[in-house]
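Trainee: As a plain string of letters, each chain reads:
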Amino acid sequence: MIFNGRSHKFGRDIDTDIIIPATYLVTFDPKELAKHCMEPLAPNFADNIEKGDIIVAEENFGCGSSREHAPIAIKGAGISCVLAKSFARIFYRNAINTALPILECAEAVDGISDGDDVRIDTEKGKIENLSTGITWQAKPFPSFIMEIINEDGLIGYTKKRVENRDV
Amino acid sequence: MMTITEKIIAAHAGLDKVSPGELVMVDIDLALANDITAPGAIKEFEKIGVEGVFDKKKVVLVPDHFAPNRDVDSAEQCKYVREFARDREVENYFEVGQMGIEHVLLPEKGLVIPGDLVIGADSHTCTYGALGAFSTGMGSTDLAAAFATGDTWLKVPQSIKFNIDGKRKEWVSGKDIILYIIGKIGVDGALYKAMEFTGDTIEGLSMDSRFSICNMAIEAGGKNGIIAVDDRTREYEDGRIDRAYVEYYSDPDAEYADVHNYKAEDIELQVAFPHLPSNTKGISEVGNIPIDQVVIGSCTNGRIEDLREAAKILDGKKVEKNLRVIVIPATQKIYQQAMSEGIIDIFIEAGTAVSTPTCGPCLGGHMGILAAKERCVATTNRNFRGRMGHTDSEVYLSGPAVAAASAITGKITGPADL
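Protein chains in written order, with the numbering used here: chain A, 320 to 486; chain B, 67 to 484.
No lab work stands behind these hints, which were simulated from the structure alone.
We put the beta carbon where it would ideally sit given N, CA and C, even for glycine.
Errors might be hidden in some of the hints.
Footprint (simulated), chain A over chain B, 3 or more residues, beta carbon under 8 Å [unchecked claim]:
| no. | region |
| --- | --- |
| 1 | 177 to 190 |
| 2 | 450 to 463 |
Lysine-lysine pairs mimicking PhoX-like chemistry, simulated, CA-CA at most 20 Å apart [as the list claims (entries may be wrong)]:
| no. | chain 1 | residue 1 | chain 2 | residue 2 |
| --- | --- | --- | --- | --- |
| 3 | A | K478 | B | K175 |
| 4 | B | K109 | A | K479 |
| 5 | A | K328 | A | K370 |
| 6 | A | K404 | A | K458 |
| 7 | B | K477 | B | K378 |
| 8 | B | K387 | B | K477 |
| 9 | B | K235 | B | K221 |
| 10 | B | K477 | B | K347 |
| 11 | A | K478 | B | K113 |
| 12 | B | K83 | B | K73 |
| 13 | B | K113 | A | K479 |
| 14 | A | K458 | B | K221 |
| 15 | B | K123 | B | K175 |
| 16 | B | K109 | A | K350 |
| 17 | A | K445 | A | K328 |
| 18 | B | K73 | B | K109 |
| 19 | A | K354 | A | K370 |
| 20 | A | K354 | A | K328 |
All chains should be modelled from the sequences, with the hints used to inform the complete structure.
Mentor: Structure representation (structure tokens):
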């Protein structure tokens, strides 16, 4: 997939209580969750997103709770992809399982400013800052994770395993 | 030459040996979800198209977060989980009245035992490492797949050893030790890694304190926290469980990504300032911080030892008049035990509100939400911005001793300063 969008920059340790405060965890509806996405740091975040925009963040993005509502809220807000220096591990799994594309590349995070136009090719892991013309290569996913992504996430992957009696 | 974490993963992957970085499929002994995460898991589970859950005894559902039902939406979520449990004959569903906070309830009921591999759709699932088990938090979809297949994929984590030796200072509990460690290594200091706790200080800790330590491994980014079985673990399990368990120990030549050595003598009572659990100070460095609320409870510190410590300090005292103090025993059994020991009387005489088990205020759900500019000292596990209510409220994390002493003075206080 290729995404083109404006970058929205965040710092380090963006926790799941910022991404979606717990009090709203009474639904899995992406549109409902999107209304409160990033609320403590950036109220009305979703209103300022053009479909396809990209979150660019420092280390440990998504730390805290296991709530899968976090990647769902981000997707619901219209964000196409999250680029960070590193991800908290439960968020990393949840993003793959809910088909929110994520990439790790510290140099690209340093080389992208808030509001820059960014182009990301998730399959090739290629990141391009269209505002400056600089490109980077993200860390590739392990092949096993690619298998899950290629089955449209863990449920598709599991369905196939069940059908093949591989459980 | 493997660590305890690697040995448990290898055993559940059917392999003689695993190495850090390896991706493996593992059989799971228990799969857990709560009223917040189970609805998503159930919805995804139904898409897989299996007859039922992989094992009716090995799926655990606990409505504890927004239960007893906070509002209509929460009531609908709890109902959805309850009906799934009924339809799919899930044996370990715990209804309001029998439920407790999941990570306190499961060990208490003997559902997790040493050597087990447990996954839960709750980040504090890492608590059970205190029993010498491997346990870790995941999301709803991971649990949906596990409900169907009874297995899951894991990347074998590198391990970091935290060795703590020496005599603890007065009132210092497991909570202070883990806050101290997180303060040293940061909220991603153990990212993707196993945190193994060893040393004679750890050996001298109660099971309740060990649960508090492993509970907060996730607050350093850890995949799991783990403490090997010893006599205290065996004594805890004696008469509680009906399955045989396996004890695993790290080999002397096991490889660690890092080893940290700490002296217990250096660890004073800890307070984590807003808005990160790593933002810690010793009680002597806190200064004058007036507060509006105290919460004693949660999966971190709602156990009987925590209540006993708080009661020792509150006995015969009164809560400061401008303060709300909320005490939440983590399970019904702990609540009853506290009643039989006269602890609940002490709390009520002191002017605190005592609640039925719930995660409630810890995650800003209900039962003690903060208004703008309000400050709370809480024995919970996270002090992220807005965690307990308004975006402009503040949470200071501590153990039960500091929370109870602060309840009397109305500002952050250690018991020595009363």
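Trainee: Against each hint, give a clear statement of whether it holds in the structure.
Mentor: Cross-check of the supplied hints:
1. Counting residues of the region 177 to 190 of chain B whose CB falls under 8 Å from any CB of chain A gives 4; the rule of at least 3 is met.
2. Three residues within the 8 Å Cβ limit are the bar, and the region 450 to 463 of chain B against chain A gives 5, so the coverage statement holds.
3. A threshold of 20 Å between alpha carbons decides the hint, and for K478/A with K175/B the separation of about 33 Å lies outside it, so the pair is violated.
4. A C-alpha spacing of about 18 Å is found between K109/B and K479/A, which places the hinted pair at or below 20 Å, so the restraint holds.
5. Among the hinted pairs, K328/A with K370/A is consistent with the structure: their alpha-carbon atoms are about 16 Å apart, no more than 20 Å.
6. About 10 Å separates the Cα atoms of K404/A and K458/A, which keeps this hinted pair within 20 Å; it holds.
7. Between K477/B and K378/B the alpha-carbon distance is near 19 Å, which keeps this suggested pair within the 20 Å criterion.
8. As the CA atoms of K387/B and K477/B are separated by approximately 12 Å, the hinted pair is consistent with the 20 Å bound.
9. At roughly 38 Å between alpha-carbon atoms, K235/B and K221/B are farther apart than 20 Å, so this suggested pair is violated.
10. At most 20 Å may separate the alpha-carbon atoms for a hinted pair to count; K477/B and K347/B meet this at roughly 15 Å.
11. Between K478/A and K113/B the CA atoms are separated by roughly 8 Å; this keeps the pair inside 20 Å, and the hint holds.
12. For the suggested pair K83/B and K73/B, the alpha carbons sit about 7 Å apart, so the restraint of at most 20 Å is met.
13. Note on K113/B and K479/A: the hinted pairing holds, with a Cα-Cα distance of about 12 Å set against a maximum of 20 Å.
14. Of the supplied pair hints, the one linking K458/A and K221/B holds, its CA atoms being roughly 17 Å apart against a limit of 20 Å.
15. Of the supplied pair hints, the one linking K123/B and K175/B holds, its CA atoms being roughly 13 Å apart against a limit of 20 Å.
16. A hinted pair counts as satisfied when its Cα atoms are at most 20 Å apart, and K109/B with K350/A qualifies at roughly 17 Å.
17. Restraint check for K445/A and K328/A: the C-alpha separation of about 18 Å stays at or below 20 Å, so the hint holds.
18. Restraint check for K73/B and K109/B: not satisfied, since their Cα atoms lie roughly 34 Å apart, outside the 20 Å limit.
19. For the hint linking K354/A to K370/A, the alpha-carbon distance of about 15 Å falls within 20 Å, and the restraint holds.
20. A hinted pair counts as satisfied when its Cα atoms are at most 20 Å apart, and K354/A with K328/A qualifies at roughly 19 Å.
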